[in-house]
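Protein chains in written order, with the working numbering: chain A, 1 to 526; chain B, 1 to 278; chain C, 1 to 496; chain D, 1 to 307.
Think of the hints as simulated: they come from the structure by calculation, not from any bench.
Even glycine gets a Cβ: it sits at the ideal position worked out from N, Cα and C.
A portion of the hints provided could be inaccurate.
Not close to chain A: a few residues of chain B, all C-beta gaps over 12 Å, as computed [said to hold, decoys possible]:
#1 21
#2 171
#3 186
Calculated from the model, a selection of chain B residues having no Cβ within reach of chain C, i.e. all distances over 12 Å [unchecked claim]:
#4 16
#5 32
#6 42
#7 102
#8 111
#9 129
#10 172
#11 178
#12 187
#13 215
#14 236
#15 237
#16 265
Stretches of chain A that chain B covers, calculated by requiring three or more beta carbons in the stretch to come under 8 Å of a beta carbon on chain B [what the hints assert, rightly or not]:
#17 300 to 310
#18 363 to 375
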Amino acid sequence: MARSAPLLSVENLSIALPGVADRTHAVAGVSFSVAPGEILCIVGESGSGKSVMSLAIMGLLSRGLSVEGGKILFEGQDLLTMPSKARRDLAGRRIAMVFQEPIASLNPFYRVGEQVAEVFRLHTDMSNAQIRERVLELFSEVLLPEPELIYQRYPHQLSGGQCQRVMIAMALALEPAVLIADEPTTALDVTTQAQILDLIRDLRDRHGTAVVFITHDFGVVEEIADRVAVMQSGHLVEEGTKERIMNAPAHPYTRALLAAVPRLAPRDVQANEKPPFLVAENLQKRWPEREIPALEDVSLSIRPGETIGLVGESGSGKSTLARAIIRLGTVDGGSIMLNGEDLVGKEGAPLRALRRHIQMVFQDPYSALDPRQKIGSALTEGPMANGLSRREAEERVRELISAVGLQPSALDRFPHEFSGGQRQRICIARALALRPDLLIADEALSALDVTMQAQVLELLGDMQARLGFAMLFITHDLRIASSLCDRICVMQRGRIIEEAEPRELFTHSRHPYTQALLQAIPGGSV
Amino acid sequence: MRHIPTIAWLSIATLLCALLFALFGGWLSDHAATQQNLLARMRPPLLFGGDFEFPLGTDRLGRDLLARMAEGLRISLLIALLGSVLGALFGCTLGFVAAHFRGWVEETIMMVVDIQASLPFILIALTLLAFFGNSFGLLIFLMAMFGWDSYARLSRGVVLSAKSQPWAEAVRTLGVPPVALYLRHVLPNVAGILIVQLTLNFPQIILLESALSFLGLGIQPPMTSLGQIMGDGRDYLSTSWWISVLPGLTIFLVSLAMCVLGDWLRDRLDPALQRVRQ
Amino acid sequence: SDTTELNVAVEALWHNIAPINGISNASIRIFPNIYDRLVEIDYLNDPSGQTLIPRLATGWERDGKVWTITLREGVKFHNGETMTAEDVAFTLSAERLWGDEPYEPRGRTYTAGFVRVEATGPLTVEIETADEDINIPGKLSGFIGYVVPKAYYLETGVEGFGQAPVGTGPYRVVNYRGNEAARLEAFADHWDGAPPVERLNFLLVPEYAGRLAGLATGEFDIIASIPIDQENQIETMEGATLIRKQVNNYTAVLFNTRNDPEGNPLQDQNLRYAMIQAIDMDAIVQALFSGNTFFPAVPFNFPEYGNFYDAAAKPRLPYDLEAARALVAKSGYKGETLIWHITRGFWTNYDAAAEIMVEMWREAGINVEAQFLDNFQLAYERPFHMLAVSGGTSFIPGDPYQPLWLDWSPTGVISSASWKTWDPTERFVEIGTAYAKSTDPDERKALFLELSEEWQRVTPGQYMWKSLANWAVRDGISFVPVPEFEMRLHAGYLKL
Amino acid sequence: MGRRFWLKRLLRTLITLWAVVTFTFVVLRTSGDPVVALLSPDALPAEIEQFRQKWNLDRSLFEQYLAYMLNLFSGDFGHSYQDGRAVTTIVAERLPNTLQLGAVAYLWALAIGIPAGILAALKRDSLLDRGVMTFAVVGFALPNYFLGILMILFFSFHLRWLPSAGAGSALHLIMPGLTLGFYVAGTLARFTRSAMLEVLERPYMRTIRAKGAPFLYGVLRHALPNAAIPIVTILGLNLGALVGGTVVVEAVFGWPGIGRLLVQTVASRDLAVVQGLVLMMAAFMVLANLLADLTYSLIDPRIRVSK
Ligand SMILES: Nc1ncnc2c1ncn2[C@@H]1O[C@H](COP(=O)(O)OP(=O)(O)OP(=O)(O)O)[C@@H](O)[C@H]1O
Ligand SMILES: Nc1ncnc2c1ncn2[C@@H]1O[C@H](COP(=O)(O)OP(=O)(O)OP(=O)(O)O)[C@@H](O)[C@H]1O
Ligand SMILES: [Mg+2]
Ligand SMILES: [Mg+2]
Ligand code: NI
C-alpha cells in the first residue's frame, strides 16, 4: 500500500521523568508518523513509554511529566504550541483515544450512555434524541449486548470488557481522523477481541482513520498492523512494515521479542502411570450475590510429576479452584484429598503441615514479595517455619538461588532491586524451597513481557525435570499451555467442560466453547 | 527520602528545638519551675521591659516563665507522646485482632469504635475527669483513649488490604503462623501509615489537654503543662499577656510543626498507601 | 430608652435562690434585691455595721425569753398577696427551719435556741427562746430574716420556690436560670417605693475577659470579681470605676486533728503550730492583694467586732521559720505528705496562696500536697489532712459568735459534718456554752477571750485573710457596697 | 447494600445508643455521690438525707438503672437535681442557642472551607494553595479558647465593635460562630483539597479532557460530584468536632447553650442532666453520621445502584 502524506507525525519527542525514576526519560527522541487509513502498531516491553507517548499526543500528561522537546504535528500543525482552545476543539473530535485502564477511565458518577453522549454535546449541536440514537448505534457497533440497557448502566455495573467497549465507542463517536488505542483489547476474551479488531479495521477502511494501536501481543500485531514500531526504554528502536518487522527484524531487541513469542506447538504426552496424590472431588463454590457459581462440581486429580494446564475465559473460576486447592480460599462442598488426608475443613497447624506439599507462584511478581524483607530471609522463612534449622534452610536456599539463575549475592537484596523476571524466579525459588509435590502457577507469566516469559517458562521446565514436582498451570494463553502441559482442562462458568491431552484438544476438541477459543487465537492458525 | 522541602525541614527543626527546650530549657534558668518570687510578680519578658533574670518574664506568683515553659512543654510532650503511643498500641492491637478474626469479633470491635467516634471525646474526658477526680494516670488513660479508634479503624483497613496482598498470601502458604505474619510482615509494612496517624494524633492530644486545662481539668499543680500555664494566665491577657501568649504560641508552633510534618509524610506515603489499597 | 436597665455580669450564679437552702456566695449577692429582711444593718449611716434598722419589722422588744416583733403594715409580696404575721411566723417556724423534718434543715443552725414562734396578732409575732437571747434582732438581719409567703411556699415546695421565688423585695424575679442569668424587674408595689431601675439582670459570664470586654462595649453596667492583679487596669480605664470592699468573711485552712486517716501526723499540735509559724502570711496577703485586705494575726480578733476587737493583741504563733523548724523537730513528723484539699477557684487567690504556702512549708521541712478539686464533694472526700474553707463572721453583727462558736461548737458544721476535722475539747464546750448564754457584755467578752485562747491552744486551723469583693462600675452609676457578698441595688444604695 | 444493610445499620445505631446510656449511667453513678456538690458546701446530714430520698439515690444501682431505662422509653429523661425541672425542658431551652451557634459556625466553615479547599486543589502548589493550607493548619493547631479570648480582647475590648458575651442579637453570634467554625473550616479545607486532588488525578478526569471539554466544565461536572462523596462523610464526622467545640467556645463567650450547660452540670454533678445531654449529643452524632451515610449512598451511584 502506497503511503499518503502523514496525518499525524511525532518528531524527536522527548519526555522527561521526574527525578526519582530509574531512567531520565520516559520517551527519548521518538519519531514516527501515521498516514490516513494506516494502522501503526507500537509494541514493546512494559514501561517502555508507549502510554506516556500516546498521552503526550493527547496533551494529557500527568503531573510531573513534561514534554522536553520535539514536535507533534497533526495536519501540519504542532499540537504542542497550539492554543489550548484550538487543541481542545481537536480532542475528542479529530483525535480520540482509548485508554489502557477502561474501568478507571469512566466516571463512576454518570451513566455510561451519558458519558458517550457528552462527546456529542461538547462538539456538535445535535438534539438529545439524535444523540441518544447515535450512542445506541455506536453501542451496537462495538458489540455491546442490549445497548438500551447498557446506556442506563453505571460503569461499576459493567464488566471490564464492556467498559473497554464503551471507551472504544466514545473514541469512535465523532469518527476521528486519528485514533489512538492503548491496549484496547486486553480486558477482552479472545473472541470479543477478534470482533473489536474487525471493527477498527472496518473504521479505517470506511473513514480512512489513522490508527495508532498499542499492544504487547504479537498475535494482535499480526492481525491488524500495517506498520510496526518497536519501543524499548523510551527509545523507538525499529520501525517498518509489518512484513519486514515480522520476517526480517533488524534490531536485536526486536529479534529477541519475536523469538520469545510463544508458538502453538502441542507437546507430546509422557506416559504417567503413577496413582494421583491429589484428588479434588465435586468442589462447589458460590460467591454471595453471584448467580454463576465459581466452582460447580469440579473434580480434578493430579499425578506426581505431571503438568496440568487450566484454561478458560476470564472469570470462569480458575483462580478460585487454585486457591481452593491451596486452601487460601474455602469451598462450599467437595473434598480435596492430599495423600489420603482431606484438606477441606482443616485449620491451623495441621493445615500448615499439609499445605507444605503444595506451593504457589502468583501472577504479579511485583507484589508477591514482602517489600521490606530481604530475599534471603524470604526464602529461608518457609523451610524454617516447617522445622528446618537455619543452617539447613540457608544451605537449601543457596542451592536453589543458583538453580534459578541468580547470584548468591541476591540473597542480601530487597525485592525492589530486581526486575520482574528475576522476582518471578525468586518466587519460584521460594515455592520450591519447601520441596512441594505440587506447584500451582496462576497466570504466573502474564505480567511479564514475552522475553521474560520465555525465560521463566524454561526455568520451570528445568526445575520440574530436576525436582519432579507436579504442576497446575493456569493461563489464558493456549499456546503456552499447549507447549507445557500433559493435560489441559478447559473451564467455563465454574465447570471443567473439557479435559484432554493438548494435541487431542487442538485437533478434536468436542466442546463448542473450546472450539471458539481455539478459533480466536490471534495471529495464529493451528 | 532525598528531597525534603524547606517546610518539612522547618517543622523538624521546630520540633527538635521544642524537644531540646523541653529537656534542657530548665538549665537556662536559675530558678526552679515552682520557685516563687513574690517580689517579682508578672515581670514582662526581655524586649518588653524585662531583664535577664527572667528572660521570658514571670507569672502571677513570680515564677520564672522560662523554667515553667520548659517544664510545661516537657509534660505536654510527655502526655502527648504517652497518649498517642499507648493509643496507637491499643488501637492497632484491636485493629489487628479485628482484621484477623473477622466475623463477630470484628463487628464488635468496629462497633465500639463507632461508639467512641460518635461521642465527641471532650465530653467523655470532661465527665470522667470531673466525676473521678483528676489524676495523672487518668489523664494519660484518657489521652490514650482519645484517638485509639482512628488507629483501630486505620490498622484494620490496612491490615485487611495487606493481608490480601499476594505477598501476605504467599507467606501464609509457606506455613508461617499468623502472629509471625503480623509482626514480621504486616506491621513493618503498615508502620508508615500508622506513624502518619501518630503525627496527626499528637497535636490533637496537646490541644485536648490544653482545652481540659482551660476548663480546669487538665494537669494539676504543682505539675504543669503548657495548657495549664496558658489557662492560668488567661485572666491576665490584657495586662500581662506573656503568661498566656508564650505557652499558647508554643502549643501552636508545636502543633503546627507536627501537622505540617504529618501532612508531608502522608503525601509522601500516599502512593504507598494506594499501592496497599489496590 | 424609657426603661432603665442594669446589667450586672457575675462570675457565678447559684442554682437555687431560696433564702436558706440556696445560700452560697453567688446567691447571697442577689438575695436583698428579691427579699426583704425583718431587720437590716444600716450600712448607709453607720458603715461599721453596728446599727440595726427596721425593715419588715417596725419594732422589736424583749421580755425575758420572749421577743415580740411588730410588723410593717401593707407590705405586698410579688404575687400580690399582703404580708401577714402568719407569713412571718411561718418564715421562722419549726416547720420550715428548726423542727424534726424542716423544709430547710440548715435553718437549725441559725435558729439555735428557738422554742416557739407564733403569730399573736395580725401584725405581731412572738419568738420564744430556751435561754434569754439578746441577739435575736441581729439574727433576724441575717438569712432567716428574709420573709417568704407561706401559701406560695407550701404550694411550690422548697425546690420550686428556689427556682421561682417570691419575696417582698424591691425587685420581682421574672426568670431565674442558675446557669445563665437572673432577670429581675422593678416591683412597683414595693412598700418602700419602686427601686431605681426597671430591669435588673445578673448575667453569668465566667470568663473575666468577657466581663471586661462587655464593660468596655457597654453591654454590662457592673461587672463583678475583677482579678485582684487586674484592678489597676480598671482604675486606669476610661468610663469605669473600681469599687472594692472587704467582706465579713475569712478564708481559712482547717487542720484535720482526728485520727482519720490513721496515724495522721497533724494530731500532733507541735506540727500544727509549726505550720502556722512557717507561713509569712503578711507577705502573701501583701503580694496577692496589694494591701487591700489584711491577715488577722490573732484568730477571731476581727475589726468588725467593735468592743471585742483589740488592735494591740499579740499573736501566739507569729511567723518564725526557725521556731517552725524546731517545732517540726519536736513533733513526731517524719516527712509524710500532707494532703490539702482545695475547691478549685472558689475563693479569690486561694489557689495562688496555696501554691505559695506549699513552698513555704517545704522550707520548714513540711511536705504538703495541694490538691485542687473541682467541687466540694471531691474536696470533702476523705482522706485529707487539710481542708480549704471560708467562714462568715456576721451572723450576729458585731459579735464573734459565728466564727468561734456557731462553726466550731459540737453541733457546728466543722465538728459534725461528714468531713469534720476536729472534736471540740471539753473545755472548749464548757466555755462556749457559757459564752453562748451570756447576755452581759463584759462577761461575754471575757468568755470570748477564754474561748479563743482554748481554740488557739489546740489550733485546729488558721484564718487567713479577710475576703474581698470588687466590682467595676460604668461611669454614671454607683452603688454603696456593703461588707457582705450581697449587692444592695435598691433605693439608697444604688445611684444612677 | 439493600434493606439488610440499613437494618444492620439501624441495629448498630440502637446498640450504640444503648451502650452510651449504660456507660454514662454506670460511670456517673459509680463515681460517687452527687449530693454534696449540689447542696451548699455546709449542708447538714439531714439536708443530704432528704435530698437522697427525693432522688432515689438510696436505692441500688440496678434499680436506678432499670427505672431510668423505663423512663427513657416513655420519653422521660429525668429531672435536674438542681432545680427539679425536666431534663428535656432544660435542654429544649438551651438547644436553640447551640443550634443557632452551630449552624452559623458550620455554615461559615462550609462557605469558607470547601471553596478554599477546591481552589487550593486546582491551583496546587501555588501561593493560593500555600495560603489556604496555612489557614487550615492554623485553624487546626490554634486552641479555640485561645482564639476566642484573643478575639474578645481585640474586637470587644479594644475596638469595642462586638458584644463579648451572652446571646441576643445577631452581633452576639459573630465571634463565637467564627471561633467555633474556624477549626472545622480548616479541617474541611484540608480534606476537600485532598479529596479534590485525588479525584483530579483519576483517569476519568483524563477522559473528560480527551473529549475536549473545557477545564472548568470538567471540574464542575466531573470532579466535584466525585469529590463530594468523601466530603459528605467528613461533614458528618466534623459535626462531632463542632459539638465538642461548643463545650469550650460556649464557656469562653458565655453562650447559653448546651455545651456550657454540660460543663456546668458536670461541675455541679447534676447527673440526670449530664446523662441526658451526653445521650442527646450521642444521638445527634449518630443521627448525623447515619444521615451522612444515607446521603453518601444516595449520591454515590456505586452504592445507590447495586449490580
Ligand atoms: N505519572 C508518571 N510519573 C512518573 N513516571 C511515570 C508516570 N507515568 C509513567 N511513568 C514512567 O514512565 C515510563 C513509561 O511508562 P508507560 O506507562 O508509558 O509504559 P508502557 O510502555 O505504556 O507500559 P505498559 O505496557 O505496562 O502499559 C515507566 O518507567 C513509568 O514508570
Ligand atoms: N472475592 C470474591 N468475591 C466475589 N466474587 C468473586 C471473588 N473472587 C472471585 N469472584 C468471582 O468468582 C468468579 C470466578 O473468579 P476467578 O477469579 O476464579 O476467575 P478466573 O477464572 O481466575 O478469571 P481470570 O482469568 O480473570 O483470572 C468470577 O465471576 C469472579 O467475579
Ligand atoms: Mg501503558
Ligand atoms: Mg484468575
Ligand atoms: Ni534526588
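Consistency of the hints with the structure:
Every C-beta of chain A lies more than 12 Å from that of residue 21 of chain B, the closest at about 35 Å, which supports listing it as non-interface. Distance to chain A contradicts residue 171 of chain B as a non-interface residue, since its nearest Cβ pair spans about 7 Å, not more than 12 Å. The non-interface label for residue 186 of chain B is inconsistent with chain A: the shortest C-beta to C-beta separation is roughly 9 Å, within 12 Å. Against chain C, the non-interface label of residue 16 of chain B holds: every CB pair exceeds 12 Å, the least being about 32 Å.
Not every Cβ of chain C is farther than 12 Å from the Cβ of residue 32 of chain B; the closest lies at roughly 10 Å, contradicting the non-interface assignment. Residue-level check failed: residue 42 of chain B sits 7 Å from the nearest beta carbon of chain C, not beyond 12 Å. Under the 12 Å C-beta cut-off, the non-interface status given to residue 102 of chain B relative to chain C holds; the minimum distance is some 44 Å. Every C-beta of chain C lies more than 12 Å from that of residue 111 of chain B, the closest at about 32 Å, which supports listing it as non-interface.
For residue 129 of chain B, the non-interface assignment is contradicted: its Cβ lies about 8 Å from the closest Cβ of chain C, within the 12 Å cut-off. Non-interface status of residue 172 of chain B relative to chain C is upheld: no Cβ of that chain comes within 12 Å, the nearest being about 53 Å off. Consistency note on residue 178 of chain B: stated as away from chain C, and its beta-carbon is indeed over 12 Å from all of that chain's, at 47 Å minimum. Annotated as non-interface, residue 187 of chain B keeps its C-beta farther than 12 Å from every C-beta of chain C; the closest such distance is 41 Å.
The claim that residue 215 of chain B is not at the interface with chain C is violated, since a C-beta of that chain comes within 12 Å of its own (minimum 9 Å). The beta carbon of residue 236 of chain B is not kept farther than 12 Å from every beta carbon of chain C, the shortest such distance being approximately 6 Å. With a least beta-carbon separation of about 6 Å from chain C, residue 237 of chain B fails to lie farther than 12 Å from that chain, contradicting its non-interface assignment. The claim that residue 265 of chain B lies off the interface holds: its Cβ sits roughly 37 Å from the closest Cβ of chain C, which is beyond the 12 Å cut-off.
Coverage of a stretch by a chain is defined here by at least three residues with a beta carbon nearer than 8 Å to that chain's beta carbons; for the stretch 300 to 310 of chain A and chain B the count is 0, and the condition is violated. Figure legend: the stretch 363 to 375 of chain A, annotated as covered by chain B; annotation consistent (9 residues with Cβ-Cβ distances under 8 Å, at least 3 required).
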